[in-house]
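Protein chains: 2
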Amino acid sequence: MQNPKTLEQLSVFESLGSAETFVDRILQIVEHISLFEDFERADIEVLARYMNCYRAAAGREIIREGETSDYMLLIIEGSIEILKLDARGLPQSLGVSGPGKTLGEMSLIDGEPRFASCVTLESSVFAVLDREALTRMLTEESRVGVKILVELLTLLNQRLRGLGNELMKCRDNQRLRVR
Amino acid sequence: MQNPKTLEQLSVFESLGSAETFVDRILQIVEHISLFEDFERADIEVLARYMNCYRAAAGREIIREGETSDYMLLIIEGSIEILKLDARGLPQSLGVSGPGKTLGEMSLIDGEPRFASCVTLESSVFAVLDREALTRMLTEESRVGVKILVELLTLLNQRLRGLGNELMKCRDNQRLRVR
Numbered sequence: 011m012q013n014p015k016t017l018e019q020l021s022v023f024e025s026l027g028s029a030e031t032f033v034d035r036i037l038q039i040v041e042h043i044s045l046f047e048d049f050e051r052a053d054i055e056v057l058a059r060y061m062n063c064y065r066a067a068a069g070r071e072i073i074r075e076g077e078t079s080d081y082m083l084l085i086i087e088g089s090i091e092i093l094k095l096d097a098r099g100l101p102q103s104l105g106v107s108g109p110g111k112t113l114g115e116m117s118l119i120d121g122e123p124r125f126a127s128c129v130t131l132e133s134s135v136f137a138v139l140d141r142e143a144l145t146r147m148l149t150e151e152s153r154v155g156v157k158i159l160v161e162l163l164t165l166l167n168q169r170l171r172g173l174g175n176e177l178m179k180c181r182d183n184q185r186l187r188v189r
Numbered sequence: 011m012q013n014p015k016t017l018e019q020l021s022v023f024e025s026l027g028s029a030e031t032f033v034d035r036i037l038q039i040v041e042h043i044s045l046f047e048d049f050e051r052a053d054i055e056v057l058a059r060y061m062n063c064y065r066a067a068a069g070r071e072i073i074r075e076g077e078t079s080d081y082m083l084l085i086i087e088g089s090i091e092i093l094k095l096d097a098r099g100l101p102q103s104l105g106v107s108g109p110g111k112t113l114g115e116m117s118l119i120d121g122e123p124r125f126a127s128c129v130t131l132e133s134s135v136f137a138v139l140d141r142e143a144l145t146r147m148l149t150e151e152s153r154v155g156v157k158i159l160v161e162l163l164t165l166l167n168q169r170l171r172g173l174g175n176e177l178m179k180c181r182d183n184q185r186l187r188v189r
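Chains as they are written, first to last, in the numbering used here: chain A, 11 to 189; chain B, 11 to 189.
Treat the hints loosely; a few may be bogus.
For chains that are exact copies, the list does not tell them apart, and a pair is met inside one copy or across any two.
Stated by the list, open to error - Below, in silico cross-link-like pairs of lysine-lysine (DSBU-like), each with a Cα-Cα straight-line distance of 35 Å or less:
{"id": "1", "residue 1": "179", "residue 2": "15"}
{"id": "2", "residue 1": "94", "residue 2": "111"}
{"id": "3", "residue 1": "157", "residue 2": "111"}
{"id": "4", "residue 1": "94", "residue 2": "15"}
Hint data in this document are derived by calculation from the structure and do not stem from the laboratory.
Using the sequences and the accompanying hints, generate a full structural model.
What follows is the structure in C-alpha cells.
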C-alpha cells in the first residue's frame with residue numbers, strides 16, 4: 011500500500027505486514043490520546059489498510075535529518091529519540107516519543123528533507139503512512155481522510171504553539187543576558 | 011455566514027459584506043502565492059461564500075493576544091504587524107504581513123486563546139473565515155474544504171520548519187555564550 015521508494019527506504023527493517031493486524035493494539039494505544047478521540051474502531055480499520063508495520067532493533071536510525079522521504083510513523087511499541095545537529099554538528103536531543111505518538115509528519119506534508127533524525131532507544135514497532143497512501147485515502151475514503159487531515163492540523167498546531175513559546179523564552183533569556 | 015460571536019467581535023470594524031464581491035481581488039493577490047497554486051477561480055468563488063470582508067483603519071488591533079476567537083484572516087489590502095508580549099510585558103514584533111498572507115490560523119484550528127496580537131499599520135481590508143464556516147464548508151463543499159485543510163497544513167508546516175530552525179539558532183547562540 012506504499013510507494014516503491016518508501017518500501018525501499020524501510021526495507022532494512024523487519025516488515026510486519028499491513029497495519030490491519032495491529033488494529034486492536036492501535037486502538038488500545040490511542041484510546042487515551044485526545045488527538046484521536048474522534049476515531050472509532052471503523053476509522054482505525056480504514057486507516058490501517060493504508061499503513062504497513064515494521065520493527066527496528068535498538069539504536070537504529072529510522073529517519074535521517076536532511077534525507078528525502080515522505081512518510082510519517084505512528085509508534086506502536088518502544089521509544090524513539092528525536093535528534094537534530096546543532097551549529098557545531100553535534101546531535102541535540104529534541105525529545106523522546108513513545109507509543110501513540112507520531113513522527114515525521116512535516117515531510118509527509120511537504121516532501122521536504124527531514125528536519126531531524128529519529129533513533130530507536132529500544133526495539134520498536136511502528137506503522138508507516140506515506141504521502142501516496144494519504145492521497146489515495148483522501149480519494150477512496152474521504153471521510154476518514156479528512157479526519158486524518160484535521161488530526162494532523164491539530165497536532166502541527168499544538169507543536170507550533172509549543173515551539174512559539176519556547177522561542178519566546180529563548181529570546182527573553184537572550185535579552186535579559188544582553189542587558 | 012459566520013457565527014454570532016465572530017460577527018460581534020468584528021462589529022467594531024467596517025463591514026464590507028460577503029467576500030464574494032472580492033473574488034477578482036483575491037485571485038489577483040493569490041496568483042503568485044505558491045500556497046494557493048491549486049486554487050482555481052471556481053474554488054475561490056466557493057471559499058468566498060464562506061467569508062466576510064472588513065476594513066480597519068491604521069493602528070487598530072484586529073486580534074488580541076490571549077483573547078478567545080476562532081477565525082483566521084486573509085489580508086486583501088494593507089499591512090498588519092504581529093506582536094507578542096515578552097516576559098517583561100513589552101510587545102515584541104514577530105513580523106509584518108501583507109496581501110495574500112493569512113493570520114490567526116492556530117485559533118481557527120484549536121479555538122485556544124490567541125498566541126499574538128495583530129495590529130494594522132495602515133488602513134487594511136481582510137476576509138474572515140471562522141471555524142463554523144470551515145466546518146460547514148467541509149460538509150457542503152468537501153472538495154474545496156479538503157483543499158483548504160491541505161493549504162492550512164502546508165502553511166503550518168512551513169511555519170513549524172521556520173520556527174524550529176529559529177529555535178535551534180537561538181539555542182546554539184545560548185550554548186556558544188555559555189561556553
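Hint-by-hint comparison with the structure:
1. In this homomeric assembly, residue 179 and residue 15 come within 35 Å of each other (Cα to Cα) only across copies, at 32 Å, whereas the closest approach inside a single copy is 40 Å.
2. Taking the closest pair of Cα atoms, residue 94 and residue 111 come within 35 Å of each other both inside a single copy (18 Å) and across two copies (30 Å).
3. In the homo-oligomer, the alpha carbons of residue 157 and residue 111 lie at most 35 Å apart both inside one protomer (17 Å) and across protomers (26 Å), since each shortest distance falls under that limit.
4. Taking identical chains as interchangeable, the C-alpha atoms of residue 94 and residue 15 lie at most 35 Å apart only when both belong to the same chain, with a minimum of 24 Å there against 43 Å between chains.
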